[in-house]
Amino acid sequence: MHIPDGFIDIPTSTAFAALAATGVALSLKGAKSSLDEKTAPLAGLTATFIFAVQMLNFPVAAGTSGHLLGGALAAVLVGPYAASLALTVVLLMQGLLFADGGLTAIGLNVFNMSIIGVWVGYFAFNLAKRVLPKKKASVAISALFGGFISVPAAAFGFVIEYAIGGTATFSVSAVASAMIGTHILIGIGEGLITFFAVSAVMASRSDLVYGYKQEVNSLETRSA
Amino acid sequence: MKNVKTDKKKFYVIGLFVTLVLAGVVSFYASSSPDGLEKVADKIGFIDAAKDHALAKGPLADYGVKGIKNERLSVGMAGVIGVLATGAVSTGLFFVLRKKSN
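Which chain is which? The protein sequence lines are A and B, in order. Quick note on numbering: the first sequence equals residues 255 to 478 in this note's numbering. Quick note on numbering: the second sequence equals residues 666 to 767 in this note's numbering.
Accuracy of the hints is not assured; some may be wrong.
What the hints assert, rightly or not - Derived PhoX-like pairs (lysine-lysine); straight-line CA-CA distance at most 20 Å:
hint : chain 1 : residue 1 : chain 2 : residue 2
1    : B       : 670       : A       : 389
2    : B       : 734       : B       : 722
3    : A       : 286       : B       : 764
4    : A       : 283       : B       : 764
5    : A       : 292       : B       : 673
6    : A       : 292       : B       : 765
7    : A       : 467       : B       : 764
8    : B       : 764       : A       : 292
9    : B       : 734       : A       : 467
10   : B       : 674       : A       : 292
11   : A       : 292       : B       : 670
12   : A       : 283       : B       : 765
13   : A       : 389       : A       : 467
14   : A       : 390       : B       : 670
15   : B       : 673       : A       : 467
16   : B       : 673       : B       : 734
17   : B       : 675       : A       : 292
18   : A       : 286       : B       : 765
The hints are simulated quantities; they were obtained by calculation from the structure and are not laboratory data. All values derive from a computational prediction rather than experimental measurement.
With these hints in hand, go ahead and build the complete structure from the sequences.
This is how it looks when you write it as structure tokens:
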């Protein structure tokens, strides 16, 4: 998913870098109200865990691999603003230290993974949570759905960028169907990893989980 | 609703330990097949548009420590360095942003 230098032209990359920077600025503002003494360390651990798991490419089809993006996972654990920042730190580390993801493509990658992946994943998580029974177990299942949806959504970000400023001339629809098809498969892995990670935190420290706390609050309000 | 709470310190020690094991040990077993985007670029035909990373010759490029021949050690050390760096930067950032409780 990490776009290298050269796939997308410089003007388009620059425009998306501006969009990504705006998203990060808004996230810096938003995260201030969602992070406190209790949740700040969880946000740090979440970013660190996502860095580690992004190294673990799993096979999805003949000769193709995928790895966790972690946008939905982070959004469920620490809220979407802190999640966008967590993913952005991971992408900066990868680009600057490990030569993973082009330097001119950093705005594209932040836009796709830190913004689209996080927010679409978070939206899908909330949608699933609204449909499922108001139970503790629904949190991890909703996170699975959020994770699954977030990957083809982030892949669609690449399709948009390719359509606007791709340096190659192959048809956008061919790129779109190949990208979405492949990333639906990767999304299954994303959903499963997200499910297990959220389940582990729910089992040990559900009081820290952003996507669960809101529900607890609403239940308490109703029963009061 | 009663929750059995894991002690805070224990939670973070276990979390960091799992993370270090994943990046430092399990990473060696990761699939080296091209990822979704690379595969699509290859299949459709624009993989050659990719340019070398500006830092491709850096000391940690491609998740390996330059100069360490043993691949298991090289990727494992790169993973541990990445975990520590990501942990330090992100935790520092989130602590600066957090609401103070008093």
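Going through the hints against the structure:
no.	hint	verdict
1	B/670 x A/389	holds, 18 Å
2	B/734 x B/722	holds, 16 Å
3	A/286 x B/764	holds, 6 Å
4	A/283 x B/764	holds, 12 Å
5	A/292 x B/673	holds, 9 Å
6	A/292 x B/765	holds, 10 Å
7	A/467 x B/764	holds, 17 Å
8	B/764 x A/292	holds, 10 Å
9	B/734 x A/467	violated, 48 Å
10	B/674 x A/292	holds, 12 Å
11	A/292 x B/670	holds, 14 Å
12	A/283 x B/765	holds, 15 Å
13	A/389 x A/467	holds, 12 Å
14	A/390 x B/670	holds, 15 Å
15	B/673 x A/467	holds, 17 Å
16	B/673 x B/734	violated, 39 Å
17	B/675 x A/292	holds, 14 Å
18	A/286 x B/765	holds, 10 Å
Hints 9, 16, counting from the list given before, are not met by this structure.
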